[in-house]
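Asker: Given the coordinates of chain P, assemble chain G onto it according to the supplied hints.
There are 2 protein chains.
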Amino acid sequence: MSLDPVLSRIDADLPAAMDRLFDLLRIPSISTDPAYKAECDRAADWLVADLASFGIKASKRQTPGHPMVVGHVAGDGPHVLFYGHYDVQPVDPLDLWDRDPFDPAIEETAKGKVIRARGASDDKGQLMTFVEACRAWSAENGALPCSITFFFEGEEESGSPSLIPFLKENAEELKADVALICDTGLFESKVPSIMTQLRGLCGEEITLTGPSKDLHSGMYGGPSMNPLRVLTRILGNLHNDQGRIQVPHFYDGVPELEPEIAKQWQALGFDHSAFLGDVGLSEPAGEQERSALEMIWSRPTAEINGMIGGYTGEGFKTVLPSKARAKVSFRLVGQQDPHAIRENFRTWVQAQLPADVTAEFHAHGASPASQMATTHPAFEAARGVLGAEWGHEAAFTGCGGSIPVAGYFKSILGMDTMLVGWAKDDDQIHSPNEKYDVESFHKGIRSWARILDVISK
Amino acid sequence: MSLDPVLSRIDADLPAAMDRLFDLLRIPSISTDPAYKAECDRAADWLVADLASFGIKASKRQTPGHPMVVGHVAGDGPHVLFYGHYDVQPVDPLDLWDRDPFDPAIEETAKGKVIRARGASDDKGQLMTFVEACRAWSAENGALPCSITFFFEGEEESGSPSLIPFLKENAEELKADVALICDTGLFESKVPSIMTQLRGLCGEEITLTGPSKDLHSGMYGGPSMNPLRVLTRILGNLHNDQGRIQVPHFYDGVPELEPEIAKQWQALGFDHSAFLGDVGLSEPAGEQERSALEMIWSRPTAEINGMIGGYTGEGFKTVLPSKARAKVSFRLVGQQDPHAIRENFRTWVQAQLPADVTAEFHAHGASPASQMATTHPAFEAARGVLGAEWGHEAAFTGCGGSIPVAGYFKSILGMDTMLVGWAKDDDQIHSPNEKYDVESFHKGIRSWARILDVISK
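Just so you know, the protein sequences line up as chains P and G, in that order. 1 is the number of the first residue of the first sequence in our numbering; add one for each residue after it. 1 is the number of the first residue of the second sequence in our numbering; add one for each residue after it.
Chain P with its partners taken away, still in its complex shape (with noise of 0.2 Å):
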């Protein structure tokens, strides 16, 4: 099975394929929303129609929320599992949108032409472009080049409650050599990016409590002691001067960058003044001695969420408040454990409360840091033919951010995953006027035929 004419039928095809995908994106398949569940199915059944029609023998899978669609063709060659979602963020500010966002269109832009339609970037065109290339290898090759199964999802703008037990439900059935994802992002908009790094989180949120009521500053101010000031205190001690965190043990399995990946970010050559400039910012504000790249995607981070105490309102109430409230996440890397780091990070607090001040804590979520294993070779060899594609050598890059399903595909399914995707810095996931690049659906169908092409030698 030859490359070239798979990679001249997705150029003759490309027409075609927006239309299909333009009809994905004209269903308003909001997962959060009750009242676009039927929607949700409309794009699931959609979806099982298309993989049939280029035959791929796919259903809808039921779960207690949106279904997911699963689909399999056997062939030659390693067994890949390619994994999408269909579901999209709702709409609103609706009054911030240039057009209807469920009536897609080509719009040229100083910058090229744009598919215009919320789910365009995130992420029904991204999947679109993993199934129009299989279709036109299968078109011209009668066959696909490996074994592939074909996992959507419908609840991944939802927290996808249903992903967990169903993937323990389905383990023996959606088991392959390697998972890949579409869900990520050229790094700078023009370096096609193998994502091999993502961090892990643990959120934990504090209630301190001092007087049993709001009591009022003139009668009690001096000798009552003020949560706000404890918490104040203790979280203003989150980091030293250098931006070090200073919760015992925090750095604990935190390792150094290998030298090969410090070389591969170093010749990204990462604007760091352009990135924080962006939004208002000159200075890296993490650890002193680490650069800002290395900031994001290989170094831990404390951050307050949020925080609350007192009178907030309007003008000005002398409150010495009963309560106060933080909301603490911290980023994980390496084999930094989340539980470990919750605990460690309660009993410091602890340490520090004053007489006649006591904690609570809520745990919201702890996910430790995904490793991707890019000894597996579908890595190197898509690297490899990546360069061709976008006029860049392909990197392998990390992620601020975490995409959980990766790391459910290795702790349930025990299963590498490769995360490589085609959006945009500027494509406005989340927010109105989500746009895909024209390029980014095209040059993405004809990525994924040379990492099909190369991975199945």
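Rather than coming from a laboratory, the hints here were simulated on the basis of the structure. Small disclaimer: the values here were computed from a predicted structure and weren't measured. Hints are not guaranteed to be accurate.
[Said to hold, decoys possible] Computed footprint of chain G on chain P, listed as stretches where at least three residues anywhere in the stretch have a Cβ under 8 Å from a Cβ of chain G:
1. 274-284
2. 296-305
3. 327-340
[Unchecked claim] Label pairs and their computed distance ranges (CB to CB):
4. 267/P <-> 339/G: 23 to 33 Å
5. 12/P <-> 313/G: 49 to 59 Å
6. 216/P <-> 340/G: 22 to 32 Å
7. 339/G <-> 335/P: 53 to 63 Å
8. 142/P <-> 313/G: 46 to 56 Å
9. 168/G <-> 428/P: 37 to 47 Å
10. 335/P <-> 314/G: 49 to 59 Å
11. 259/G <-> 216/P: 25 to 35 Å
12. 259/G <-> 280/P: 53 to 63 Å
13. 280/P <-> 314/G: 45 to 55 Å
Don't be surprised by glycine CBs; every beta carbon is placed ideally from N, CA and C.
Answerer: Only chain G this time, still in chain P's reference frame:
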């Protein structure tokens, strides 16, 4: 003119005095709610008529808000101004009241008879103790023992917006030798107290801005500065480990307690364990080398009255907020200059800001502490007679809060104020089921007769 017949008349007239107070309590003069504007007006009219009923020529004086009531009576001896306020706090939550707040009644309680109604203690009941003392004195002797100006405000519970202009415009008319205010209470509900020092207040709101918009902590966490991190760090250093406030020059102008006052306070045997225990606390949290009573009455404080930033709703969002806000106030004593403290605080905050974080400040009021001129003969005279009425030697006490009108009398009219009152700690002012003990009302009237007697001699 003799005191004893006046006291006997007060005792005999008590039921009628309570009927009159009930008439006033039935008027829902909630000054902060525009819906009750006519009721405030009606309360002012009622007072004018009540003063007229025993020969005091008084009038309702319009302001841009609710009217003042001013009445004068000439007599021998010194000239005193009596201040009270006829407006009351709102009554919500109404469902926590055991009866209609504006349908007063005498209730029997385990601690004795109480007058239950909104305003019974704050301040209609207290105001009427002085009026009833004057009525009895006048009835018994055909005249009052000194020149008296009656000055009643209807905006005390809503920030007194008309007070300063009214004092300035009517300074000549209102100036007297000394002002008497009945809006305070007995120390620990039993010791008659003349408040000789009130703390001042300086309120300040800080808004820190880091990134130009809220960021996702996965994408930006690490290199991006979080203003909550900065605000907790700064405010967490407001106090040192000994409870001392760290703003430079903060203690400039803070006096040591005069030995005579220190002795009186010591003699009060303040039970700080009970005081703190009532609100779930055990250890005085202020400067560790000071007594709890000093902490409230004669030491300055710094408190975070409110703080907010980031996501504070249910669940969790991994946001790096653009802004973090806090409301901070300082209770001031002695000669502390609220404006200097504001400037020093701002400078101190600014000096701690890292790169990329800016601060905006908003002032919320500034009033210096009030130190009453206890050398005025009224003070020792009043202290001398109150013990006979209450069975406890009276004390010169402090007040942790502010009663701004006393400061204005001094600054605008050059007039010293003597603050004395009969409220008890459990009067539930500003709360549901406000009450005033019949004992407070009865002995309060008798106390004013004693004070008028002694200061006229």
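Asker: Could you run down the list of hints and mark each one as holding or not?
Answerer: Hints, one by one, checked against the model:
1. Counting residues of the stretch 274-284 of chain P whose CB falls under 8 Å from any CB of chain G gives 8; the rule of at least 3 is met.
2. Closer than 8 Å: that is the beta-carbon criterion, and the stretch 296-305 of chain P has 6 residues meeting it against chain G, so the requirement of 3 holds.
3. By the rule of at least three residues with a Cβ nearer than 8 Å to a Cβ of chain G, the coverage given for the stretch 327-340 of chain P holds, with 3 such residues.
4. Between residue 267/P and residue 339/G the beta carbon distance is about 57 Å. The supplied range of 23 to 33 Å is therefore violated.
5. One distance hint, 49 to 59 Å for the beta-carbon pair residue 12/P and residue 313/G, holds here, with the actual separation near 51 Å.
6. The supplied range of 22 to 32 Å is met by residue 216/P and residue 340/G, whose beta-carbon atoms lie about 25 Å from each other.
7. Checking the proposed 53 to 63 Å range against residue 339/G and residue 335/P shows it holds: the Cβ atoms sit about 55 Å from each other.
8. Checked against the hint of 46 to 56 Å, the C-beta distance between residue 142/P and residue 313/G comes to roughly 55 Å, which is consistent with it.
9. With their beta carbons about 58 Å apart, residue 168/G and residue 428/P fall outside the hinted range of 37 to 47 Å.
10. Judged by the Cβ atoms, the range 49 to 59 Å given for residue 335/P and residue 314/G is violated: they are separated by roughly 32 Å.
11. For residue 259/G and residue 216/P, the hinted distance range of 25 to 35 Å is satisfied, since their beta carbons lie about 30 Å from each other.
12. Checked against the hint of 53 to 63 Å, the pair residue 259/G and residue 280/P passes, with Cβ atoms roughly 57 Å apart.
13. Separated by about 29 Å at the C-beta atoms, residue 280/P and residue 314/G break the suggested range of 45 to 55 Å.
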